[in-house]
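Heads up: the protein sequence lines correspond to chains F and H, in order.
So the first sequence is numbered by the working numbering: it starts at 585 and just counts up by one.
So the second sequence is numbered by the working numbering: it starts at 585 and just counts up by one.
Do not take every clue at face value.
No copy labels: a pair is met if it fits in one copy or bridges any two.
16 Å max Cα-Cα, derived EDC-like pairs, lysine to aspartate or glutamate [what the hints assert, rightly or not]:
#: 1; residue 1: Lys813; residue 2: Glu935
#: 2; residue 1: Lys751; residue 2: Glu684
#: 3; residue 1: Lys869; residue 2: Glu935
#: 4; residue 1: Lys1013; residue 2: Asp861
#: 5; residue 1: Lys1013; residue 2: Glu727
#: 6; residue 1: Lys813; residue 2: Asp934
#: 7; residue 1: Lys893; residue 2: Asp934
#: 8; residue 1: Lys869; residue 2: Asp848
#: 9; residue 1: Lys592; residue 2: Glu608
Think of the hints as simulated: they come from the structure by calculation, not from any bench.
In this text the structure is predicted, and so the values were computed from the model without any measurement.
For reference, the chains in residue letters:
There are 2 protein chains.
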Amino acid sequence: MNNSFVIKGNICQTKNPSALDLHENGYAVCVEGVSKGVFDVLPEEYKSLSLYDYGDALIFPGMVDLHLHAPQYAFRGMCMDLELMEWLNRYTFPEEEKYESLEYANLAYGMFASAIKHSATSRCSIFATRHRYATELLMELMEQSGLVSYVGKVNMDREASEGLVEKSADISAYTTFGWINATKDKFKNTRPILTPRFIPCCTDALMEQLREIQMAYGIPVQSHLSESKGEIEFVKSLRPDNLFYGDVYNEYDLFGKNDDINTDVKTVMAHCVWSSDAEVELMRKNGVFIAHCPSSNMNLTSGIAPIRKYLDLGLNIGLGTDVAAGQSISMFRAITDAIQVSKMYFRMVDEAYKPLVFSEAFYLATKGGGAFFGKVGSFDEGYEFDAVVMDDSMLSHPQPLTLSERMERAVYLGLDEKGIVAKFVSGNKIF
Amino acid sequence: MNNSFVIKGNICQTKNPSALDLHENGYAVCVEGVSKGVFDVLPEEYKSLSLYDYGDALIFPGMVDLHLHAPQYAFRGMCMDLELMEWLNRYTFPEEEKYESLEYANLAYGMFASAIKHSATSRCSIFATRHRYATELLMELMEQSGLVSYVGKVNMDREASEGLVEKSADISAYTTFGWINATKDKFKNTRPILTPRFIPCCTDALMEQLREIQMAYGIPVQSHLSESKGEIEFVKSLRPDNLFYGDVYNEYDLFGKNDDINTDVKTVMAHCVWSSDAEVELMRKNGVFIAHCPSSNMNLTSGIAPIRKYLDLGLNIGLGTDVAAGQSISMFRAITDAIQVSKMYFRMVDEAYKPLVFSEAFYLATKGGGAFFGKVGSFDEGYEFDAVVMDDSMLSHPQPLTLSERMERAVYLGLDEKGIVAKFVSGNKIF
Chain F
585 MNNSFVIKGN ICQTKNPSAL DLHENGYAVC VEGVSKGVFD VLPEEYKSLS LYDYGDALIF
645 PGMVDLHLHA PQYAFRGMCM DLELMEWLNR YTFPEEEKYE SLEYANLAYG MFASAIKHSA
705 TSRCSIFATR HRYATELLME LMEQSGLVSY VGKVNMDREA SEGLVEKSAD ISAYTTFGWI
765 NATKDKFKNT RPILTPRFIP CCTDALMEQL REIQMAYGIP VQSHLSESKG EIEFVKSLRP
825 DNLFYGDVYN EYDLFGKNDD INTDVKTVMA HCVWSSDAEV ELMRKNGVFI AHCPSSNMNL
885 TSGIAPIRKY LDLGLNIGLG TDVAAGQSIS MFRAITDAIQ VSKMYFRMVD EAYKPLVFSE
945 AFYLATKGGG AFFGKVGSFD EGYEFDAVVM DDSMLSHPQP LTLSERMERA VYLGLDEKGI
1005 VAKFVSGNKI F
Chain H
585 MNNSFVIKGN ICQTKNPSAL DLHENGYAVC VEGVSKGVFD VLPEEYKSLS LYDYGDALIF
645 PGMVDLHLHA PQYAFRGMCM DLELMEWLNR YTFPEEEKYE SLEYANLAYG MFASAIKHSA
705 TSRCSIFATR HRYATELLME LMEQSGLVSY VGKVNMDREA SEGLVEKSAD ISAYTTFGWI
765 NATKDKFKNT RPILTPRFIP CCTDALMEQL REIQMAYGIP VQSHLSESKG EIEFVKSLRP
825 DNLFYGDVYN EYDLFGKNDD INTDVKTVMA HCVWSSDAEV ELMRKNGVFI AHCPSSNMNL
885 TSGIAPIRKY LDLGLNIGLG TDVAAGQSIS MFRAITDAIQ VSKMYFRMVD EAYKPLVFSE
945 AFYLATKGGG AFFGKVGSFD EGYEFDAVVM DDSMLSHPQP LTLSERMERA VYLGLDEKGI
1005 VAKFVSGNKI F
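Next up, chain F with everything else stripped away, as it sits in the complex:
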């Protein structure tokens, strides 16, 4: 079988958040796209499989990016002196307007898809724009990349620029129906995800229709939640009767499990920097995933999400790069940023919440976010086989290094930007 094989190298992962699981010269076995586990000695039964011997290379599980915006890749690393609402109005909305043009979308999304294909990311949940056909084009390109992804045509029928806002809830819903019908069964690895931009951009009438669409198709949901203080105040003014921001999504049954109507809507919410206790409790109860985006939260001066608190409460958490509020699609950068901001939260805000250690942040970037995609983010038996193979020999050092040191160094020094030599997704070798 094409997707049954063995790869050999220095295998580094986290089975759980508290410890690294390291195998020098180990064997990771893939049978029909699914992992059979990691072995220090190759079991007899797998010796007939073809072997990729990567020598002294490092092998990590593929990274899972739970939140990023494909159309914003064009202006990554720019216009960083603004906060969220001004940043949206001055840069983001004008750029997203351009995706009315399929020619522009093809050029820009082509650059994005090529970049993420060659990154350490194997799975991601992507915001496109509100444009149906450009979104379908992005889905074609993502499918060609070999990655597994959710892609969302954005819904937004208020509070955006004239050229970007959808003219009515009905038009937004109608376009969304067409898009989902056209794409839900079209691709092997690329699936639609319902994507209300955020409450400030969605009227009650639109949210009502999105509820209907979700129920009709059973597709997952992604959005933004409690990112910045100004945004939260704005939501409060728009929806004074809701108890908290997330309660609005919940009112429309777009916020995870809902026992009242016996539904389980797979939901990921980006940020959750300033979630109230009641909001956090509802996320926990409903199994909503949090996409923690530390780089973005720094750049837009949003704040620091109290991830240790969320971990202690047992919430579902992964990491997101949130390009282009985060400047980079590097998930390795997201890992180290998550550690760094947790250290700042501990030191400057509340010493009750200990900083993340390396193994915990690595876990969030793999198994943590991977759970949104099923059994993903590890070489444990039964997990989908996503792997990134890296050559770290260009990172000079005069002393012998342990494998754990090499693993940490690869992440802190951004080896995903220069050292990836091979990548597998669901057992398919994509390069």
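Could you slot chain H onto chain F? The hints should help.
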């Protein structure tokens, strides 16, 4: 003359902290190693000089790294789950012990010198170890690199590992005399700087001798100050009669200007995260430079230095990478880290202190720290000619970009790690 020439390209700098100074297809003129300014049209008088035409490349002033540790480059990006004192004892001191061996030093410092030569840094102030001969070797290698640097043999006669600590104040001082005599006139671009590690590692007897050495040779001073809370408590217990940490350096006349004895000791102190008002006031009065090291302060959970407050007070401030507490020698990373931590300080600690904007952080990395070296960090007339030329064409984009966008993007996306095509220091083309 070899170091009289013109370079042409897209010149980007900050003349002052509040605005970018941009010249598309501009000319930067260097005469005998000194800048004559930037021109949109090349003046007649310089037309006979040789011209380096860098086409569409970006040209920045060389970066000034006010604080880093050459022997720690070996373990950059590792062992990041610890705070300062434990990190020193468990990783840093054992690694620094190895520099007793000139063979090891030659290997490790060779890697460091090569890396910093090819970075965007043109000037730096470096800690070596307490070993005289390894330090002299590092100075040889730095001289060969073409950069301008201060290099310090470290003084430390207590509170370190058995293999690293100097056996007495006298031995430390004696070694330091020998080292300064051997190196003070040996190099063109590499100079000794007096380097008491920090107060916890220096007895009163040693500090007394360092005062004498400083007075005898008039050389500048570098050290650490008020980096972490645990360290400050320790200094308080060691020196209960001093008003604050910096007061100890000041007592030994190693803390900038001292009107009482009519001296002006050029001094740079790394960190100053938790400096008291009195300490800040003394730094201001004495003209002490602060090396702000945001990456290090995050990694070691030290905290966030209130740089806006220091800027408002008119202190001398530059940036430092502080390798290996900072994981990277990239000064571009230091710029964006400085912005990000200032945003977190504003949002999470005190909204009285506005975040740094891009131009301010760029200024700190060039002219701000450059003042420690004289007229450095700009292409203004009379400044030493340090330039970094970069090709940003590998950073894909679908839309036209302004020069200001290209400048910001180059820094946020770390172009110094992949796009440098030429570099000049004091008008010498080092590659």
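Hint check:
In this assembly of identical chains, Lys813 and Glu935 lie within 16 Å of each other by CA distance solely across copies; the values are 13 Å between and 22 Å within a copy. Taking identical chains as interchangeable, the C-alpha atoms of Lys751 and Glu684 lie at most 16 Å apart only when both belong to the same chain, with a minimum of 14 Å there against 73 Å between chains. Taking CA atoms no more than 16 Å apart as the test, Lys869 paired with Glu935 passes in neither setting, with 26 Å inside one copy and 34 Å between copies. Within a single copy, Lys1013 and Asp861 get their C-alpha atoms no closer than 44 Å, and across copies no closer than 59 Å, so neither meets the 16 Å cut-off.
With identical chains, the CA atoms of Lys1013 and Glu727 are at most 16 Å apart within one copy only, with a shortest distance of 14 Å there and 47 Å across copies. For a Cα distance limit of 16 Å, the shortest separation of Lys813 from Asp934 across copies, 15 Å, qualifies, whereas the shortest one inside one copy, 19 Å, does not. Taking identical chains as interchangeable, the C-alpha atoms of Lys893 and Asp934 lie at most 16 Å apart only when both belong to the same chain, with a minimum of 11 Å there against 22 Å between chains. Within a single copy, Lys869 and Asp848 get their C-alpha atoms as close as 11 Å, which meets the 16 Å cut-off; across copies the closest is 64 Å, which misses it.
Taking identical chains as interchangeable, the C-alpha atoms of Lys592 and Glu608 lie at most 16 Å apart only when both belong to the same chain, with a minimum of 9 Å there against 51 Å between chains.
Checked against the numbered hints above, the structure violates hints 3, 4; every other hint is satisfied.
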